[in-house]
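Participant: Chain by chain, the residues:
Number of protein chains: 2
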Amino acid sequence: MATTSEVYTSNHRNFPMVPKVVFGRGSFNQVGEIISCERKGIAPFIYLIDSVFEKNITFIEDRIPLSSTDEIIYVSTAEEPKTSQVDEIVAKIKKDYQYTPSGIIGIGGGSILDLSKAVSIMLTNPGSASEYQGWDLVKNKAVFHVGVPTISGTGAEVSRTTVLTGPERKLGINSDFTPFDQVILDPELIKDVPKDQWFYTGMDCYIHCVESLHGTYLNAFSQSYGEKALDLCKEIFVSNSLSKEEADAKLMMASWHGGMSIAYSQVGVAHAMSYGLAYVLGTKHGIGNCIVFDKLGKYYPEGVAVFKKMKEIHGISLPVGVCADVTEDQLNIMTSVALSLEPLWENALGTDWKSKVNADTLKEIYRSL
Amino acid sequence: MATTSEVYTSNHRNFPMVPKVVFGRGSFNQVGEIISCERKGIAPFIYLIDSVFEKNITFIEDRIPLSSTDEIIYVSTAEEPKTSQVDEIVAKIKKDYQYTPSGIIGIGGGSILDLSKAVSIMLTNPGSASEYQGWDLVKNKAVFHVGVPTISGTGAEVSRTTVLTGPERKLGINSDFTPFDQVILDPELIKDVPKDQWFYTGMDCYIHCVESLHGTYLNAFSQSYGEKALDLCKEIFVSNSLSKEEADAKLMMASWHGGMSIAYSQVGVAHAMSYGLAYVLGTKHGIGNCIVFDKLGKYYPEGVAVFKKMKEIHGISLPVGVCADVTEDQLNIMTSVALSLEPLWENALGTDWKSKVNADTLKEIYRSL
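Chains as they are written, first to last, in the numbering used here: chain A, 1 to 369; chain B, 1 to 369.
Since the hints were derived computationally from the structure, they do not count as laboratory data.
If the Cβ cut is set under 10 Å, some of the chain A residues that face chain B in the computed set are:
1. Arg13
2. Phe15
3. Pro16
4. Val21
5. Phe23
6. Ile184
7. Asn219
8. Lys228
9. Leu232
Keep in mind it's a predicted model, so treat the numbers as computed, not measured.
Note that CB positions come from ideal geometry on N, CA and C, so glycine has one too.
So here's chain A without its partners, still in its complex pose:
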C-alpha cells in the first residue's frame, strides 16, 4: 500500500454523493413506493433494463410497478455504451412522450447504469451526448434518476461519471448532475450473474483499488474507501468462508466503496492499457482489465499474485493470444491511446513516468497478451 501523500492545496474537489440509498435483500420491492413522490402528473417513469432480463419475466418485469404511461425499454449491452445509443434512446423518449419523464430507472450492470445517467442528463440538455463528454460541461439538472445494479464491481452506481464511447473518444460525462438521485442496493438481484461475468466485474473493483492505492494521487478519504473495497474483494474472492448470500451482499458493498474511492484517486497501468485494447479490439472493460492486469506483475507484484490466486480458486481461464493477429499499425494505435492517458501514468509511476515506460515497453506487454 502506498502511504497517504496528500498535497496541501486550497482546491480540493467538492464531491457529489448519491443523496439517498436503500440497502437490503428484497429492497427492490420498495421501488414503487420510493419513486411515487417524484411522479409528475402523467409524465412517465422510463425503465432502462438490460436486455438479458427480457426473457426473465418473473425476475424483473413482474416486480416493476408500471403505472399508466410508464414504459420499459430493453437495452442491449453487447457492446460498450455509446453516445449514439444515448442519443437514440433520448430521441425515442422525446418522440413517444409529450412530457419530460418523471424519472429514469436504470436496472443492470455498469453499462446500463452509465447509459441511464447519460439519458437522464440528455433529456434536459440540448444536442448530442458527445458534446458533454468531459468535465462539468452539463448546464441543466438531469431528470430524477434511480440506479439499480444487477451486477457489482464497476462502481457506476455511485460515481460522478458515465463511460461512453463517442465518435471521437471514450470519455465520461463527468458532472455534478451525473450521480443517481437514488440507488437501490438489493443483493438478491446479483445472485444469478454468470460466473465469468461475476468474476470479471468483481475484478474491475479489485484492479481499480490496487491501482488507486498504489498511486500517488491518493488522500485519506479515497484510501479508506479503497482499502475497504479491497478487503471485501479478498474476503469474497480468496477466502471460502462466506455463504453465497453473504458474498453477494459484500460484493455489492465492495463495488460501492470502490466507486466512492474514485473521488480523490486515479487508476493506473492496467486501465491505461485496457483502454488501448478496447479502442482497437472493442474488448469489454471488465475482461480487458483482467487480460492486461495478469501481465503486470512488474508494476503491481502483490496485487497480481493475489489476482492469479483468485483466478485459480474460481477456475477462470482468461482468453489467450488476444493480440496474436494484431498488425503493427494496430499495435501503434493501442500504444498511443494508452500513453495518451497521462494522469493514469503519472498516478502509477510518478511525475517522471516517461523515463520509466515508453511505446516499446507497452508493445512488448501487448504482444504477450
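Please arrange chain B on chain A, whose structure you already have, making use of the hints.
Facilitator: Positioned in the frame of chain A, the structure of chain B alone reads:
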C-alpha cells in the same frame, strides 16, 4: 465480529446521505466559494461556532469570508445540546433578521454540528425543537446547512439525527431533512484538539463500532462501514506508525465511516448505560461511554481489552468513583433510563435480553464506576 444476520424484509430504510463532501487539508479555505451559489440576496449566512474558538481569531475568524449581513454566533458546549438552546438561537436569528438565512454553517464538534442541524430545521418549521424529537416529525425542508467538524469521532457530520436534551427526554430530531447539505472535512481543523477530548471523542466512534458490529441488527452495508471505522481507530490509537497529519486525516474518516454505519445498525450496552449516567449526572457523551465501556469486559471482551490498551498507550486516566455519592433513588433512575432503551439491549443481547440482564446487573456495574 458478529456475522451478517440480515433479515429478508420488504421494508428497508431508505437512507439519506450528505449529498456533497469535500475532503482535504486546507479545504476549509473553500467555504466561501462553496456557499456562494446558495446565497439568496441579502439573506445572511449564520455561522454557529464553538465558543472555544472565540479567542483563537487567527484560526477560524480570519478565515471566514463574512459578507454584508452574515454573522458569527459563538455557542457554548459546556453542556450537552438542549432543545431550549436551539429555540433560543432560532429566536435570536428571527429577531435579528427580516429574512430566513441563506444557510447555517456549523463549525465545531458533535454538539455544534447537532445544534446546527436542529437550528436549520427549526428556521423553517413552527414551534419548539422539542416537538420534533423522534422519527420523521419534520414537515418542511431545512435551510441549507453546512457541517465543518473540528473534533472527530461522533459521526454527527454524516448522521440523520441530532442528539438533543429536551424537557422530557434526550432524543434526536431524526429525519430526512436533518443531514447536512454539504460537509467540509479539513483534517487541519482537528489538529489542536486537547488530548483527552481527542481520545474520548475518538472512542465514541470506536465504542459505537464495537457495539454495532457485535449486534444482531447489522447488515452488510453497515458492517462494511463499521469495520472500516474500527480498523482506522485501531490504526490511529493502537499502532504508532502514523504521523500526526496522517492520524488526523484517518480519524476524520473513521468518524465519517462510523457515522455512515449507523444507517442499518444499533448501539448496545455502553450507550444504554451511558445515557442513564448522563440523565442523572450530566456526564458528557464521549467520556461517559468510556467510563462505562471500561467495565463491560463481560459483554465485549475483545473490544474492552483493546480499549484498555489504547488508554495505556495514550496515558489516559478515566475518572474513578463517579457513582460514589449517588443515592439509591438516583441509581434507580439511571437503571430505569438505561433499561428503557429496549432496541439497544435487543441489539446487544438478542430478543431474550430480559433473561440476561436486569436492574440488579446494571446497579452493580454503575456502583463499580
